Amino acid sequence: MASLFASFLKRGVSVVTRKPHFFAMSQPELESFRFRLRPFHISDARRVVSLVNTPLIADMTANIPYPYSLPMAEDWISSHHRAWITSEYGVFAIEQKSDGQIIGACSLMDFGKPEAEIGYWIGTDYWGRGVATEAVREVLRFAREELGVVRFRARHLIENPASGRVLSKLGFRYTADSYEQIGIMAEPKWMKLYLLDK
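In this text, residue positions in the sequence shown follow this note's numbering: the first is 1253, and each later residue adds one.
No lab work stands behind these hints: they were computed from the structure.
Bear in mind that the values here come from a model prediction, so they are computed numbers and not experimental data.
Check before you lean on any hint, since a few could be wrong.
[Said to hold, decoys possible] In silico lysine-lysine, BS3-like type, Cα no more than 27 Å apart, as pairs:
1. Lys-1450 / Lys-1365
2. Lys-1365 / Lys-1444
3. Lys-1421 / Lys-1450
4. Lys-1421 / Lys-1365
5. Lys-1421 / Lys-1444
6. Lys-1421 / Lys-1441
7. Lys-1421 / Lys-1349
Please model the entire structure based on the sequences and the hints provided.
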């Protein structure tokens, strides 16, 4: 085996040409200054319900209904492992280091491609504390360095300008308004689209 390896090197053939395929691995745990960003567990379902079961969250997102039940949370969390393996999406629970409480989520969609989409929601009690900015910044770093993503898209409903301020802080630039029907939305709504490519 050693001589075969040596002959490859002599002929200028690269034995290892790229990193192992990352998506076959388990979803990692990330860390920022205040938060652990980790995979959700089924045991987190009740906490998820307590955070998102409000019109304030449903009205600001395209994929969270109101009312939101425990079976919905369990089904959502149960889908994460398959979605990670197929690189369809990855969802990170935003957990406070100080008390171990989950306070939101950050998602990376279509991350098997050079261009991925970022999304997030934060429990209403934690709005205005820089949670999304800090958590999303760490997920962006991970996606660039470990997944090879070079370009990021994001969007928010026009009724949610706070999300636009988060994206601007992270270096996203506004590109256009779009009238779209995505996720579980019953009808199209106006959205603002953003891009980050540096």
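Quick rundown of the hints versus the structure:
| no. | hint | result |
| --- | --- | --- |
| 1 | Lys-1450 / Lys-1365 | 16 Å, holds |
| 2 | Lys-1365 / Lys-1444 | 22 Å, holds |
| 3 | Lys-1421 / Lys-1450 | 14 Å, holds |
| 4 | Lys-1421 / Lys-1365 | 24 Å, holds |
| 5 | Lys-1421 / Lys-1444 | 16 Å, holds |
| 6 | Lys-1421 / Lys-1441 | 24 Å, holds |
| 7 | Lys-1421 / Lys-1349 | 23 Å, holds |
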